[in-house]
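**Q** Given the sequences, and given the hints that come with them, work out the whole structure.
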Amino acid sequence: MGLIDSAVDALETEVNNLKLNAQEALDAFEHDSAGAVYDSILTTQLGKVVGWAQKNALWPATFGLACCAIEMMAMANSRWDSARFGAEVFRASPRQADLMIVSGRVSQKMAPVLKLIYDQMPEPKWVISMGACASCGGIFNNYAIVQGVDRVVPVDVYVPGCPPGPEALLYGVIKLQEKILNEAGTDSAKKRVA
Amino acid sequence: MTSEEIVEKIKNDLGDDILSVEISLGDAVVHLLPPALPKVCEFIKNDADLDFDYLSNISGVDYLDLDREPRFEAVYEFHSMDKNHSVRLRVGIEEENPSVPTISHLWKSADFPERELFDMFGMNVEGHPDLRRLIMPDDWEGHPLRRDYSLTTEDVAFSFNRDYKSELVKSKPPTR
Amino acid sequence: MSITENGLLERDKDTMTLNMGPSHPSTHGVFRAILEMDGELVGTAKPDIGYLHTGIEKTSEAKRYSHVIPMTDRLDYLNPPGNNLAFCLSTEKLLGIEIPDRSQYLRIIHCELARIASHLVWLATHALDIGAMTVFLYCWREREEILDLNEEISGVRMMTSYIRVGGVAKDATDEWLRGVRKFIEHFPAKIDEYEKLLTRNPIWLDRTEGVGVMSRESAINYGMSGPALRASGVDFDFRKKRPYSGYGNFEFNVPTRTQGDVYARYLVRVEEMRESREILVQAMRDLPGGYYKNPDSKVSLPDRDKLKSSMEVLIHHFKLASEGFKVPKGETYVPIEGPRGEVGFYIVSDGTAIPYRVKLRAPSFMAIPGMCKMMEGSFIADVVAVIGSIDIVMGEVDR
Ligand code: SF4
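Chains as they are written, first to last, in the numbering used here: chain A, 1 to 194; chain B, 1001 to 1176; chain C, 2001 to 2399.
Hints may be right or wrong, so weigh each one.
Claimed, not checked - In silico SDA-like pairs for lysine to any residue, Cα to Cα no more than 25 Å straight-line: (1) Lys2093(C) with Thr2199(C); (2) Lys2329(C) with Thr1102(B); (3) Lys2241(C) with Val1075(B); (4) Lys1083(B) with Val2254(C); (5) Lys2329(C) with Lys1083(B); (6) Lys2046(C) with Gly1122(B).
For the record, the hints were derived by calculation from the structure and aren't laboratory data.
**A** Here it is in structure tokens:
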């Protein structure tokens, strides 16, 4: 019980903080509705709210490539249950997804397809590179494998391992959530949407 | 049939078409040249005693580093589902214009492995209905499993410094 | 389409080309099929593979034998022990070494656990493709138990590399064996659970019976193997026909069916899980004592505790780790029965510590033309059922 209570407490504090932030922003807007202030305070605070929402509703695209995809499936399953962190709605269509988990080795033939799928995803979007192969080529330093998927798409979080366990991938998702929250309201987050 | 009986029978019935037979680590092995391949295959498939109805595998080998003549080899592995025995055909292929006749009219399962021979070793499979690259992209140059094709094409560029890395990547030929 | 004399577009055929994959949720990896559709019916299906080409065969030509084993794990990533075993059997045949009984049994236990785990993934994804979500969750529940056992004995959940040339990587502890016993005790009830959900389920029957039929002759001619072959009425299983690694000591049945449709393949695989469990029961009962690998220090690494007290052992360890073992000249191919069918490595050795050529006989690779043949003339909705029933793993298709 203690756990749940403390979780509820933490959540309430978080929501309260956000409410306060938003209230502050609105107050500032009412008191001084000059354009510059509007831009710096309101959207910044509002961006935080949006970021908080985005962080808890990541929709990964189903993009299984190789061995790592099996562990990605394990992550979505009952035992590891990524639903606890709001990242369980795997979408078959990239148009409905905002997170791409590159799970496995990317071959030279697959790289253009991967880029195409990434381009189809609507902004804002994030990429997790799962496994040694996707991060740096792994044990396959050869003609067939792209040495790191970051040569094709920008990567936000690298998860090492061969394959990384579901718990490692979950940790990667949590790290990504932290990143989204930290970035929220900053210029780089605005750029993502623009 | 045991391996000894298989090579004995093949030697007796097809003596002119094959080069030699051997027992290698207990497996029946037949050496032959490309022109004889369809005939030998047809024989071992239809003969009632041999009855090799299942083509299991085709492997290409490039003997460039071993100084062996001829340079290429295609190795065919056959099983018989009912008789439960196996045979291996080893077909030596010349370096100049490497080519081998197709057996995909006898076994449909030869389709993919023969295309793989073409793709990975650059062997011309005569009479194959659909000889295109199978695994590598269509515009790929070279045949990766040849011994003179280099394994790695670029070093791993790994750096935490993004700007430096993008410089590095820019200086390399773009990944396809 | 072509342009007629009066300038109108004329469609010269009434078909539509549908591109399925390479990133499609139900193609089980990055398989691409180009379907020529005639309304709802599939006219022709053309496979396109190579999207996961990893160059493993080429890379193996630059690694020592013991370094190739982790590569084989990544070929058929649902059945790593089977690939390890196939590679080790071929190497051991070239080396001409004997394997002690205990390691044979440990290998079999490991392989059969992997077979069950692989079939569980197949059942989970196959059922999910056809629309049964519950089975998906149930199967992963049991698979996690097997992965935990893997982790306990080898340190990794999936890519175990547990089977080595000359034996296995380390001995099984009593605790691990207890874990296996516990698993095989309650596993049959779990299979009953899946079967209760599917076997007599009218929707399942509608989607699978009479779909993707393949006759005995064409199954042989197309080079299908494993469950896909046995569901078409060919009673061929390397474990029975050419017992390797001590399978001759076990009593088990080889399930076959004659219908050759998706449902038959489903039944064969489910039955196979029960038979695997049967083998596991016998293996646990008869597990002999003794050393877990070939004591020949030229091939297998010496025990760790001896390393600190014996100079000779240290030298052997150093030589093995830095140079590897030399394998006599020759070629060989040893087929084994994996979850998807005949797996084997054709290895050419030139007498050094590095294999000259490694070629995998991959059951999924050979099955793809046959699978596309099955799709032809079926409904578009049945395509996913057919793909699921063949259980392809792209890692070994593209290598
Ligand atoms: S990192 Fe390892 S498990 Fe993941 S795709 Fe690469 S080889 Fe497979």
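**Q** Within 25 Å, alpha carbon to alpha carbon, are Lys2241(C) and Val1075(B)?
**A** Status holds; Cα separation ~23 Å.
**Q** Are the Cα positions of Lys2329(C) and Lys1083(B) separated by 25 Å at most?
**A** violated, 30 Å
**Q** Take a quick look at whether Lys1083(B) and Val2254(C) sit within 25 Å of each other, Cα to Cα.
**A** holds, 17 Å
**Q** Going straight from one Cα to the other, do Lys2093(C) and Thr2199(C) come out at no more than 25 Å?
**A** violated, 42 Å
**Q** Going straight from one Cα to the other, do Lys2329(C) and Thr1102(B) come out at no more than 25 Å?
**A** Violated: Lys2329(C) and Thr1102(B) sit about 29 Å apart, past 25 Å.
**Q** CA of Lys2046(C) to CA of Gly1122(B), is that 25 Å or under?
**A** holds, 22 Å
Violated hints, listed in ascending order, are 1, 2 and 5; each of the other numbered hints is respected by the structure.
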